[in-house]
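Q: As a plain string of letters, each chain reads:
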Amino acid sequence: MSELAQRQRALLAVLKGRGAQAGADSAYARQLLASPHAAMLREIVCWWREFLLSRDCRFTAALLQRRGDFAAKLEDFVRATPGSALIEQQAGNFLHYAAGDADPLVAAMARTELALMRSRRQPGYRVAVMWQHDPAPVFAFVLRGLSFEEAAIAGTFRFVADAAVPGGMQWFECYPEVPPERPAGIALPMAGVCQVIDID
Amino acid sequence: MLLATTIEGYDAELVERVVPLVDMIEISPDRWVREQDGVASIPQSALDFIAGLARQAPLVVHGVGLSIGSYDRWSQSYIGLLDQLFEAVPIRWHSEHLGYAEVEGEPLGTMVELPRSREALRLVAQRVRAIQQRYAVPFLLENVARALPDDGTEQFSPAGFVNEIVAETGCGLLLDVYNLECDRHNIGLNIPDFLDELDLRAVREIHIAGGTLYKGFRLDIHSRLVEDSTIALAREAMSRCPAAEVVVFEILDEAVAALGAPAVAAELVRLRGRLGLV
Chain A
25 MSELAQRQRA LLAVLKGRGA QAGADSAYAR QLLASPHAAM LREIVCWWRE
75 FLLSRDCRFT AALLQRRGDF AAKLEDFVRA TPGSALIEQQ AGNFLHYAAG
125 DADPLVAAMA RTELALMRSR RQPGYRVAVM WQHDPAPVFA FVLRGLSFEE
175 AAIAGTFRFV ADAAVPGGMQ WFECYPEVPP ERPAGIALPM AGVCQVIDID
Chain B
19 MLLATTIEGY DAELVERVVP LVDMIEISPD RWVREQDGVA SIPQSALDFI
69 AGLARQAPLV VHGVGLSIGS YDRWSQSYIG LLDQLFEAVP IRWHSEHLGY
119 AEVEGEPLGT MVELPRSREA LRLVAQRVRA IQQRYAVPFL LENVARALPD
169 DGTEQFSPAG FVNEIVAETG CGLLLDVYNL ECDRHNIGLN IPDFLDELDL
219 RAVREIHIAG GTLYKGFRLD IHSRLVEDST IALAREAMSR CPAAEVVVFE
269 ILDEAVAALG APAVAAELVR LRGRLGLV
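Residue numbers (the numbering used here), protein chains in the order written: chain A, 25 to 224; chain B, 19 to 296.
Hints are computed from structural coordinates only; laboratory data are not their basis.
Warning: the hint list may mix true and false statements.
Listed below are the simulated EDC-like cross-link pairs for lysine to aspartate or glutamate, each with C-alpha atoms no more than 20 Å apart in a straight line [as the list claims (entries may be wrong)]:
no., chain 1, residue 1, chain 2, residue 2
1, B, K233, B, E245
2, B, K233, A, E67
3, A, K97, A, E67
4, A, K97, A, D125
5, B, K233, A, E74
6, A, K97, A, D80
Calculated from the model, a selection of chain B residues having no Cβ within reach of chain A, i.e. all distances over 10 Å [unchecked claim]:
no., residue
7, P38
8, F67
9, D101
10, E105
11, A119
12, V130
13, L141
14, A165
15, N204
16, R242
17, G278
18, A283
19, G291
Among chain A residues calculated to face chain B with C-beta under 10 Å, some are [unchecked claim]:
no., residue
20, K40
21, A62
22, M64
23, R66
24, W72
25, Q89
26, G107
Positions of the beta carbon are idealized from the N, C-alpha and C atoms, including for glycine.
This is chain B alone, in the form it adopts within the complex:
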């Protein structure tokens, strides 16, 4: 099992300190975007920087902006960013959140879970297949931190919905254990039941992070170091997911500025030890 972290900007000190400590690097296309005349793209300077990262460690891509679950369309702008990246650097696999962030092209300002309906399932499965045909590397879906509790209209359990998508498309899963903790805190998710039902054979990547509370609500914000409970959950996931290859410590660019690159580096050393990734 490998250890990775996120690099979200041109932070030379961060790169110098953390890249030697990890086996893989995760980047989000959305964080490198510049807009020119209304068109979003990754500038050549960023592509060069990312190519420099790729020379030091294998890259995986983790998106925020695809909005795979929007009823009307996904983000064509994000597809353009993916095209740029796939052309510029070798990418082992890529992933996206199982949710939506836009409706009719208008951003929600956050990522929201899909209703667990047959209609949503058909939509996502169709788009996953389109993504798989477009890019010749594996595609993973991540469980998002849920904001809204069930309202009785659900046609699938939380894990059952994901399993159906996996069964229909053969996509992989990115299991975010911190998001599970958010769900437990915010909407009462039973994590053992969820993990017992989830097809853990499909999990290829595990996300780990630290967040914060806002008025009693646990935020999926990747702003802090990882709590012991999250490390314990990651260890359990590692032991139960036979195809999992990497644990990624997610940290926001804004949090790196606040914590400092040395603290992020120290956290990676600590995580490698606590997770037994030697």
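Excised from the complex, chain A in its bound form:
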């Protein structure tokens, strides 16, 4: 491998948080790992990425910040995924990643935000996301800073992203008995068939 390739691969590994692995077989990587300038560069890259994703994945980022592990989640995301030079694509990739979160509330919000992103870009796109919590207090938290207790808002809800409805969204609480749905958010009748979002 050429010197240029070695250096660039080492810097990539350090910036992506895979430096320990790269340091085992590269003297330059070990040099970077010990460099305060490289550490600062990595911190700045993380800070900028956090700024952009907080802006572009606002709802999911707010929930992760509430849980106190937004920065750690971003680190995991960056380490585990190749990423994208395009912020729009990176935001989508991050939401896909967060959609697999073990926390059902974070996962539902990420799927929802992804659905809203798609429905804004794609006329006629209509998709549903199942929630294990009432979305209303969660959105009130994100948009207005109102607090909520997760246990108090537990339930089964179906969130629909649909550019055709006012506000682009509506949600329904689901009951096991008939009728299966009762409007809980914006009380608009459902029309057509909703699919559960395909995150893959």
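Based on the hints, put chain B in the right spot on chain A.
A: Just chain B, lined up with the frame of chain A:
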């Protein structure tokens, strides 16, 4: 000498306020990209918007995403964006950073300087020539703000490396004076020595910007108005670069939202006066 600024998004108020104040507009293809099914392209709505700008002032293009110094390949996706732009609007010249932002297709999340080696020089020169053959307008390379200090393996001085590329390819230079200030602050660059050695005859465009400090590190982030020291350095560069045609005030789209279009317009008026661009 002309004055220009960057337009990075569909901001009608910004366009209305600043375009009458400048002689030229700089756009970055990367900022207009939309992704559809994994393919990045500039949507027709953006091309129409840019064509509207081109009817008001000459356009130059300044890229971020080419990654001309990546050891394995440059960004073919960025080349596709350039092709789109060159087909859609008249472009006076285009430029890119002398650095790399991707490795093996994986983005670094930032722009990094190249090691100043013969290997890097050969690679960049070959790609500059390929770019020059592909597009029939001048191509400029910009000095990036450096993140890492020298480690003793350099085969060229900072200016000597750039001069060699210019000598081998005949490309032009975009001198970013704010980046020089970042380098002075972060890694101790001696700016007078750098400018004394650099082939200033190749400089066609000058960038000016304001940034901020992050934990003592000066960031190349174009988020603020221009500081007096940067204006002074730009004036010196203008007086010493005989082929320089334009000074471009760079401002991030995100910063325009925070500062407001009137503040950006006022800054352009101030810069025109302070730089003597009447």
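Q: Would you check whether the claim that E105 (chain B) is not at the interface survives, using Cβ distances to chain A and the 10 Å cut-off?
A: holds (21 Å)
Q: Verify the interface restraint on M64 (chain A): the C-beta must sit less than 10 Å from at least one C-beta of chain B.
A: This hint holds: M64 (chain A) lies near chain B, its Cβ roughly 5 Å from the closest one there, short of 10 Å.
Q: Measure nothing beyond the straight line between the CA atoms of K233 (chain B) and E74 (chain A); if it is 20 Å or shorter, mark the hint as holding.
A: holds (16 Å)
Q: Grab the minimum beta-carbon distance between F67 (chain B) and chain A and tell me whether it stays above 10 Å.
A: holds (17 Å)
Q: Would the non-interface assignment of A119 (chain B) survive a Cβ cutoff of 10 Å against chain A?
A: violated (7 Å)
Q: Are all beta-carbon distances from V130 (chain B) to chain A longer than 10 Å?
A: violated (6 Å)
Q: At a threshold of 10 Å, is the proposed contact between K40 (chain A) and chain B supported by beta-carbon distances?
A: K40 (chain A) check passes; min Cβ-Cβ to chain B is 8 Å, inside 10 Å.
Q: Minimum Cβ separation between R242 (chain B) and chain A greater than 10 Å?
A: R242 (chain B) is indeed farther than 10 Å from all Cβ atoms of chain A, at 15 Å.
Q: Verify this label for me: A283 (chain B) is non-interface relative to chain A, using a Cβ-Cβ cutoff of 10 Å.
A: With a cut-off of 10 Å, A283 (chain B) remains clear of chain A, as the shortest Cβ separation is near 24 Å.
Q: Keeping to a limit of 20 Å between CA atoms, is the pair of K97 (chain A) and D125 (chain A) held or broken?
A: holds (9 Å)
Q: Regarding the hint that R66 (chain A) lies at the interface with chain B, is the smallest CB-CB distance below 10 Å?
A: holds (9 Å)
Q: Does E67 (chain A) lie within 20 Å of K233 (chain B) when you go C-alpha to C-alpha?
A: holds (10 Å)
Hints 11, 12, 13, 14, 15 and 25 from the earlier list are contradicted by this structure; the remaining hints agree with it.
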